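Trainee: Sequence:
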Amino acid sequence: MTALVTAFLVLAAACVTFLTTSSAAADPIGECTATKGAVVAVDFGPFGGDVVRGCDPTPTTGYELLHEGGFGTTGTGHDGPAFICRIGHDSYNGGTQYPTPDRDDCVLTPPVTAYWSYWVASPGQDEWSYSQYGAMSRNLRDGDVDAWVYGGTDVGGSTGKPDFSPDDVRAGDAGGTPGPGTPTGAPGEVDLTGAADWIKGALTDGERVVDEGSDVPNYFLTTEAAYALAAADGTSPTLDKVTAYLFAHVGDYAYPNGPGEAPDATAAARLALVAESTESDPRAVGGHDLVADLADHVCAAGPESSEPTPGCTAKGDFHNAGYTDGQALSVLALLRAEATPAAEAVDRLTQLQCSNGSVTSILIRPGEYCDGDPATTALVALVLDEAGGHDEAVAKARAYLAGNQREDGAYPGYTGATTGSVHATAYAAQALRALGDTDRADAAVGWLSRHQLDGGGFGFEEGATDPALYPTSGAALAGAHTSLVTLTTKRTDPTDPTGPTDPPTSQPPTTDPGAPPPGEGPDLKKGVAYLTDAARLKQGRYYPAGPESPRADFGLTIDGAYALAATGLDNARLRGIVDFLDSGGKDGEGRTIRDYTGVGTAYAQGGAIGKTVLLAQAVGRNPRDFGGQDLITALDKSICAKSTLPNRKCAAKGGYAYAESVFKQSLGVMAQLRAGKAESAEAPIAYLASLQQDNGAWPSLIPSTGDSDVDSTAIAAMALDMAGGAEAEQAVDRALAWLASRQLPDGGFPGTVGNSVNSAALAIQGLSLDASTYADEIADARKFLAGQQNADGGFNAAADGQRGSNLRASAQAVSGATGISFGELERSLAGTSQQQPVPDPDGGTPDIVTPGDTGGNGAPNVVTPGEYGPSGGGGALASTGAQVSLLAAIAALMVLAGWRTVIVARRRSATGGRR
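Plus 71 on top of the position in the sequence shown (first one is 1) and you've got this note's numbering.
Be aware that one or more of the hints could be misleading.
[Unchecked claim] Result set (DMTMM-like, lysine to aspartate or glutamate): computed pairs, CA atoms no more than 20 Å apart in a straight line:
1) K724 - D707
2) K312 - D352
3) K748 - E895
4) K312 - D323
5) K271 - D696
6) K312 - E260
7) K708 - D696
8) K312 - D268
9) K107 - D479
10) K748 - D701
11) K312 - D367
12) K271 - D286
13) K107 - D239
14) K748 - D804
15) K561 - D352
16) K232 - D121
17) K232 - D286
18) K312 - E278
19) K232 - E439
20) K232 - D276
21) K724 - E750
22) K312 - E350
23) K107 - D238
24) K748 - E897
[Said to hold, decoys possible] Okay, the calculated beta carbon distance ranges per label pair:
25) D323 - R436: 28 to 34 Å
26) G747 - E800: 18 to 24 Å
27) T129 - D360: 44 to 50 Å
28) R695 - A754: 19 to 25 Å
None of these hints come from the bench; they were simulated from the model. None of these values were measured; they are calculated from a predicted model. Quick reminder that beta carbons are idealized off the backbone N, C-alpha and C, glycines included.
Between the sequences and the hints, there should be enough to build the whole structure, so can you do that?
Mentor: See the structure below:
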């Protein structure tokens, strides 16, 4: 055993040596200016030093900025170089990297209380934002500023900011950056006739939108079609048919709970705006007074009150608004009807504005983490401008929009994106024109005109070849120089200028073209095909940490195996994964499942052990001899007898070693109970139960950070359900009631990435513990997952995030859609045979290394950009800009962001991470 530990430490030291990057020859700070290059500042204050700046005149990524700026870094042995554990600079103490090994050996992911947190500021901004992206996946532009600060933050990144401002460390003269210049993109006009013709061709029976593969009308997109036709075509027979259809189905769309209940505010507002734009009466639409029903259903309080507040996240919300766009459109619908919205409803929009002037798309509560986007910012700016009395908030939003426009006139869809987004650019163009920034609005419309497809429609972003109705609608309004604030089919006198204004909703359609019907849940067969595709499941054995990485992501691989076990749709591929792990198979770096669990070393991790045990138990393998390890004994030994804080090995008595999240604690509990170790599990169960909050939820991290997390609550409920007993049953009942209360109007659930696929899938598993009581919630969540499934079988990370399949979200979606608890998962491998390695699709040499061999040299796999990015809900950690529900998932984000050799690749990462 001593020899094993020694060997591990030698290996760890070798890994750290490999992961260390020495200080490079720095580019002089004078090479950068306020408008050229990017600057990074590292605060060595906690180690007795000063703030040191570096410069990269031709910036690429945040990771490269550090090294081009003269800094050396070290990653962790567990996570690779992408998770920055130490930073040093030749100008301070001879380049010594901090923290020094006596303070953190950089073997495991650093704790939330002591790590390098990553902060960013865009050109023109003088407040720091906690980065949503790891340094390797943050794409920089001229004028950006980064900062690294050692210490601790809360899970939302709202504490621990730098003591200095971005302007304090920018290149060039002090006093801030100059205002952004006018874009230089060529002018152009949107072909409105072509856009209208394409939309008409997308209608079913000339009256409604029906998603491909479905027979259910998509009312959301049908309202978008109405807006676009009104803007591009004015009064027309087609528009009349569309509005007639919508008005005949008001009850189905806006009153899903019946006419006597609060309406779905977003749906009611959208229908009211259709009426107001087409000279109809919003007070008499399909037998409903939409104006009165909106005005009468404003939340008097949020969950902070002692009374139940379904459909409310805070005082001033419209019931069931769900997102910022629903809140803004509800205010606008009342304004256009000449009704006075409640003051708290309008003020609620200002509470959603971030410090940099942007507006978040999620109805956050005051004090929660805020990350805005151009489309939502534009919409809210338009509405607040129309409402009046909020000049400061409008000015901040206007400055944000000006500072985030590219030279070619386009806008990215979200923080850190480098690709121009059609719907973000369209919304921004509408707001800029209404606010008087005509040159910027013209540049945005010019960019849109260059990205209109041959048939007249628009794709979601530049380079897209498939048109979609949602971006086409926004582009039509922008091209017509109008918005939902001023949209009308009423013809005005030519001498009366029609002022443009507000953009359409920032929420993407809940069901994309090509998605399965949203009535029965996702297509699990297609989901399994996506997960087992040779371009993703390397050699049929494991998922790599990234497309260029030889390193296996063992945690993600087990997630994929859970999904295959839950469905039983590809037992052969499941056998291939299990055999690889069980036989001690090595990845391209020579690492095995033992490197993931740490069994036999000083860093044995209870959560990783528990997760591996559950897989072995699910497929009938012996967890006492899996991967050459006695995992049950190792899990027993990992139970903490007492707290070792501030040493982070043990948070409390009954915790598992290095189990720094509720998720890991729950996995360990379920593994022990399935192994018949109920007595050994008593202390871990008691500790898990003690973390439940008064509202029934669990936090994401251990020790508790005070947040309430859907993912953690769902899995903790699964664990306590296995434990049994009256107290556990009561705890589970409270947890499920809280989960149900968090469901969003479209069936999804909130996570840190927004309306999270990962969180919805876990919620289904949790609620399925009492399936008869929560049948409706489960059905709605399955419909939500179906709406987020893409044509390739994979799933988006979030309904309100970037489009495109995400591997982590897809694994959880497939597993969670079955409703099977991890504690009850069983899949026989009888009838399967040992699987041979599957060739890489590009013909590369296999990277599978059998025990005793050295590393492999296979060619990289080709994957969808961003699909390896972490997803899902839970807490957030500002260490690298990764939102996580487990500390180890931060490391996943950093590693998954890509290695230094692929800095030129366009990588878009969905925030968040799983286990």
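Trainee: Going through the earlier hints one by one, which of them does the structure break, listed in rising order?
Mentor: Result: hints 5, 6, 11, 14, 17, 20, 27 break, sorted rising.
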